[in-house]
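K.L.:
Chains as they are written, first to last, in my numbering: chain P, 22 to 359; chain W, 22 to 359; chain L, 22 to 359; chain C, 22 to 359.
A few of these clues could be false.
Identical copies go unnamed one by one, so any copy, or any two together, can satisfy a pair.
Each computed DSS-like pair below joins lysine-lysine, with the alpha-carbon atoms no more than 25 Å apart [stated by the list, open to error]: (1) Lys-91 / Lys-53; (2) Lys-53 / Lys-71; (3) Lys-176 / Lys-110.
Treat the hints as calculated values from the structure; they're not laboratory data.
4 protein chains.
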Amino acid sequence: MIIILRVDAADADICAVEQKIRDMGLEPHVSKGIQRIVIGAIGDENKVDKEVLEALPCVENVVRVMKPYKIVSRDSHHENTIIDVAGIKVGGQEIQVIAGPCSVETAEQMEQSATAVATAGCSMMRGGAFKPRSSPYAFQGVGVDGLEMFQTAAKTHNLPIVTELMDVRMLDTFLEHNVDVIQIGTRNMQNFDLLKEVGKVQTPVILKRGMSATISEWLMAAEYIAANGNHNIIFCERGVRSFETAYRNMLDVTAIPVLKRETHLPVIVDPSHAGGKAWMVPDLSRAAIAAGADGLLIEVHPRPDEAWCDADQALNPEQLNTLMGELRGIAQVIGRSL
Amino acid sequence: MIIILRVDAADADICAVEQKIRDMGLEPHVSKGIQRIVIGAIGDENKVDKEVLEALPCVENVVRVMKPYKIVSRDSHHENTIIDVAGIKVGGQEIQVIAGPCSVETAEQMEQSATAVATAGCSMMRGGAFKPRSSPYAFQGVGVDGLEMFQTAAKTHNLPIVTELMDVRMLDTFLEHNVDVIQIGTRNMQNFDLLKEVGKVQTPVILKRGMSATISEWLMAAEYIAANGNHNIIFCERGVRSFETAYRNMLDVTAIPVLKRETHLPVIVDPSHAGGKAWMVPDLSRAAIAAGADGLLIEVHPRPDEAWCDADQALNPEQLNTLMGELRGIAQVIGRSL
Amino acid sequence: MIIILRVDAADADICAVEQKIRDMGLEPHVSKGIQRIVIGAIGDENKVDKEVLEALPCVENVVRVMKPYKIVSRDSHHENTIIDVAGIKVGGQEIQVIAGPCSVETAEQMEQSATAVATAGCSMMRGGAFKPRSSPYAFQGVGVDGLEMFQTAAKTHNLPIVTELMDVRMLDTFLEHNVDVIQIGTRNMQNFDLLKEVGKVQTPVILKRGMSATISEWLMAAEYIAANGNHNIIFCERGVRSFETAYRNMLDVTAIPVLKRETHLPVIVDPSHAGGKAWMVPDLSRAAIAAGADGLLIEVHPRPDEAWCDADQALNPEQLNTLMGELRGIAQVIGRSL
Amino acid sequence: MIIILRVDAADADICAVEQKIRDMGLEPHVSKGIQRIVIGAIGDENKVDKEVLEALPCVENVVRVMKPYKIVSRDSHHENTIIDVAGIKVGGQEIQVIAGPCSVETAEQMEQSATAVATAGCSMMRGGAFKPRSSPYAFQGVGVDGLEMFQTAAKTHNLPIVTELMDVRMLDTFLEHNVDVIQIGTRNMQNFDLLKEVGKVQTPVILKRGMSATISEWLMAAEYIAANGNHNIIFCERGVRSFETAYRNMLDVTAIPVLKRETHLPVIVDPSHAGGKAWMVPDLSRAAIAAGADGLLIEVHPRPDEAWCDADQALNPEQLNTLMGELRGIAQVIGRSL
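With the rest of the complex left out, here is chain P:
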C-alpha cells in the first residue's frame, strides 16, 4: 500500500502515519520526493482498511498495490479455467451459445423454443421461471411449475438449462429440479447473502454484471462465491447504464479483454439485454465473439411478438440460425470453433 501525504505534512504527521501502519502489522518505508512524502506500507495489505489511513488529515491519497481479488485472479491461476456443464466445456477453445426465451410461458412454447435452440446448434438453453421486473404490476414469471416445463422441453433435446435465481429461499428448489447453471441477475450482483449461498453448492453460476458495476466490483462479487467454495463461475457482460438513450444498455465490449486478462474464468456476453432490440442482436453478437468472448446468452422465441416479456428483443428461430452461421465464421478466423 502506498500513502501519499499532503504537501503541508509535518514531521509529526509522518510519525503518526508510520505508527498507524505498524499498528496494522505492516512495515512503513518513507520516501521523500521533491514535493511530497510518500510512505510505502510493506506487508499483506488485504489485512488493512485503506479508509483508516485516508481518515488521517495529512493523507492525500492511498493506493493499493495488490489486487483485492485472489481466487478469481489470473495471478493465482495462470491457465484458463474450463467449466464443465453436463459435459459441455465453457471457457475452452470451443465457443458456447446459450439460447432460449426470456421467460418460460407454456409447455408448447418451451418445446418449440428447445427445438429452435437445438436446431440452430446452440449447446445450452436459457429461460426464466422467476422474473425480476421493474414494475410490481408486470408478469413476475410462472414460478416453480416453469422449472418443470423447462426441464421437460430441454431434456428432449439434451440441452442443459440456465435459469435465474432471485431469492435465496428458492435455492433448494433449484437443486431439486437439477438446474444445470444458476444465473445471478444484474440486480443481484451485490446481493451478498445470495452470493454466499450459491458459493456453498457446486452448480456452475453465471454471474451477470451489475447495472453500473465496475469490473473490479464484479470480480469481487465473484470472489464472494469463490471464497465460499464454488469456483464454477462464468462472468456475463450484459451492458451497463449510460447517458445514451438510443438503446437500453451500453454493451461494454472492452470488458471482455480486460476480464480475460484479470481472471482465469470464462466470460460470456448477453447481447439481447444489452441493446434491447432484436435488430441489434446479430451485430452485437458478432462483436462479442470477435472480441474474445467464450460464449453468448441470447433470447430466442418461436413468435417474438407474442412473448410475455421483452417481446422486442428476442430473435426468431430463423434469425438465430443465420446468426449461428456468421458466428462460426468469426470463430474460425480467431482460431476457435463453435
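With chain P's structure known, arrange chains W, L and C on it following the hints.
P.N.:
Leaving out everything else, chains W, L and C in the frame of chain P:
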C-alpha cells in the same frame, strides 16, 4: 400510450398496429401528421407491455402517457404523507436528523455514539449490524448481537433505531428486536423478493436509491413495497455512480425537488455515503436541507479514525454538534424547524 | 409534436396550449384519454421550440415526432453514401483502415510509419500536427511543419492523409497543404463555429463523437456541417466517458448499428483512443468490424515506447500486420472486403 | 511518480524501468514488497509522460504523486483569490448573483431584464449574443448588435456584463465592446486555442465545466488560461451529463467543496442550465449557496414563456426577487453576505 410509426409505414402496418392495440383491450386513434403517422392507444396502459408494440417493425417509438407508479405517486395523494416513527414525524414541517456509526462495534462504542447523537439533538439513531461489503474478506458486521447492543444504547437516550436488512431470512429477527426503521441499502433497491417481504409488515422502511437507479426505477421499487401493503416508505438519496473520481458518489441534489413533486412520501439524504469523506459532509448536509430534504442520515463515531468501517467518512461528536447548529439556521430560512 | 398534459390540467389550460400551438403555425389536435389529455401539434415541428410548450405549467412532457436531423438522416437518403477520398471509397462494400502515429514527430518517424501503414495494406494514413492535450505543459504538436513532413512521407506511399483541425484560423493552411481528410476531434464536436467553417469546404470530414455526446447530438453536429454545404462526413466512434476506470473510454459498439440505421453516412471506429492500451486494440478492432463499421482509425508507431504522445496505445508495425490479417477474415465472413 | 510492476516482472524488467526513469531525468528508487515491486521516480514528474512508462509490458500501473495543475492549485496559493469585476469582488466574503436572460433578444427585453436584475439586488448581468445551439436550424443569437443592446441596458443600471465567447475570431470585438466577464461555455471547456487566447487578455473569465469533464480536467483547462497569463478565472459548475432523464443535467454539488479545496479561485454555480426547468432553480440555488458557492449565474426573463430560447428554465422577475431573499438568509447562516 402513443405509438409513433416509421416514415415508411404502409396502410397494412397501420392496421396491424390498430389490431394489436385492440387485442390488448385499448382503443386505437390514428392521427396523420405531415411526415409521420401517430397512433394513440386509449385505455389503461398499465395493462399492456410497450415492448409488444415496439417489436412491430413499423414502429419507431412508443411513449407512455401514464406514470407507471400509482400508490406512491403524488397524483394519487396530493398532500405530503407524514410517517410516524415511534412518535417522531418524518415528512412534515420538522426536519429529522438520523445519526450514528457505520457499524455496531461494541457496547461501549454504541453508548458513546448514542450520547453524541442525543446531545447534538438528532431524533433517531443509525447503525449497521449486518454490513454489505464489496470484499468477502472485509468485516461483515457483528450480526444479531449487534441489534441487541444497538437497542440497549439507543433506548437509554430514547432514540428510535434505523438498521439495514440485507437478507430476507432475517426479517423476523428484526421484528423481534423491535427495529424501528428497516433500511434497504443501495445494492438491494431492486432485490424484489426483499421488497415484497418488507411490504408485508408495517415497520417504516428507508429505501436507499440504487447506485445508478433512475428516479423512475426508484419510485417503482417503492411501489413494490407499497403494493404489498406497507405505505410507510422514506426515500433516501445517497449519491449515484458517475465518471468523477474525486469523491465516491455524486450526490444528486436535483433528485430532491423532483421526488417531492412526483411522490407524497418523505425524502431524506445520506451525505456520508455520497461524498465518502468526513470533510465534505457539512457542505453536502446543508445543501440537502436547503434543497428541501425532509431529513438526513449521517455517520458519526466517537473516534472516527478507529472505526471498523468507513473510517474516513464519519463525523466526530463535535463536528455533528456544529453542523446541527448550521442546519437549524437553514431550516428556519425555509420555514421549517429542526 | 405531442404534448402530454398534467393530470390536473383544466379546460383553460387546454385552450392556452391550443392557442400557443396555433401561434407557432401548427394545428392542435386534442385527444382525451382516461387519465390524461394529449394534444398533437400537426405541422413542421422543426419550426418550433419545444421549450416554449414545456414552459407552460400544465404541460407534463413534450415528445418530438420528427427527427431533428434532416440532411444526414437516412429518412432523407435511403442508400448508403460512399465518400471518395482521393479515389478511396469510404462507406461501400470495402472496409478502409486508416493507420499512423498519434503525432507527427520527425521526417524519419513519418517515413517509417508510412512504410508500416502501406506494408500492412492500410489505405490511408493518420497523424497529428496539432495535438489537443489536457495539460498546457504537455507536447502540443510540431505545428505547420508537421503537415509538410506528413505529406512528404504519405505521398511516397500514395496514402491520402487524415489530420486534426483544432483552430478555425488554421483551415486555410490545411487546404494549402492538401489535407485529404479533416478530422474534428472529440473536444470540438460541438465547436459550432469550426463545424460551420468545415461545412463551407468540400474536403471530407471525420467527425469524432464528443466524449459524452448522445448519438442524436452527434448527428446534429454533422447536420451543422451538412447544412453549410459539405456532405462528405464520416462518423468516428472513439469511446465515451463512463464510470469504469479499468480502461480509458468505453467503446460504444452499439452506436455502430444505431448510426447505420439513422444515417446514410459512413461510420468508422478508433479503437486506440477507446481502450487507451495497445493490447486491447486488436480485440476492439475485430469487434468494430464484426459489428458493421466501415473502417478503422488505428495508431501505429515504428517504436511505440518512444512515441512523443500516447506511447502506451500505439501498435508496432508487426502487430498492425497481424491484425490486418484477422480483419480480412472477419470482413469476408460478413460479405465485405478489406 | 510511482510505478507498480506486474507480479511476474523479472530483474531485467526492473532494470529497464530504472533506465527509462533515468532517461527522463528522474531518479529511480526500487522497493520490494511481499507480492510486487514498486519503483518510485523522484524528480519533477511534470517533465515526463506517464504513458511512456505504462507502455512497458512489465508495468501494471503508474500513479502520479504531484498535481498536474500548478498556478490554479491551492498548493501554490493558500489564500482565496478575489477577482475584481468593475469593482465587484468575486470569491470573497460576499456572494455575487449574476442574472439575466438566456439570450439577448431586443433592446426592450434587455432593458426590462436589467431592471429586474438590479431590482432584485443582483450584482452583474448575463445574456448571450452568440448562442451554442444543438441544432443548426435553431436561433443562433442576434450577434454583434446584441453586445450593444446588452451594454446599453446594463450600463443604465450599473451592471457589469457577462457574455459567452464561442469563436476565437470574435475576441477583439468582445474587447471593443468592453465585455466585463468572458464566459467560456461547457462545449468549449477544452477548446484549447480559445483558452490560450483568453489567457492572453486580462478580462475575467467564467469557465464552465465541460459536460462530462472531471474536476481534474476542468482545473487543467483553467491552467491553460492561467499559463498564458490571465489568472482572473471563475469556475462555474452547471451540471454534468448522467443516466438520469428526469431533468437535464445532474448538478454536481460536491464539486463545490472539492474545488474550494483544490484551487484558490472562486466557484459559482449555474442552477438554470443544471436542472433545465424554472421550478427547480430556487431549490438548486439554495443548495449551491449552502454548499459554499461564491455566487450564482441565473436565467431571468421578463416573460419567460416568450423567451427565444430555453423558455422553460428562466425565472420571472418576482421569482428572482423571492429567491434573493432566501439566499440572503442562507448566506447569513454560513457567515457570508449577499
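K.L.:
Against this structure, judge whether each hint is valid.
P.N.:
Hints, verified against the model:
1. With identical chains, the CA atoms of Lys-91 and Lys-53 are at most 25 Å apart between copies only, with a shortest distance of 20 Å across copies and 32 Å within one.
2. Taking the closest pair of Cα atoms, Lys-53 and Lys-71 come within 25 Å of each other both inside a single copy (21 Å) and across two copies (20 Å).
3. In this assembly of identical chains, the alpha carbons of Lys-176 and Lys-110 lie at most 25 Å apart only when taken from the same copy (18 Å versus 52 Å across copies).
Of the numbered hints stated above, none is contradicted by the structure.
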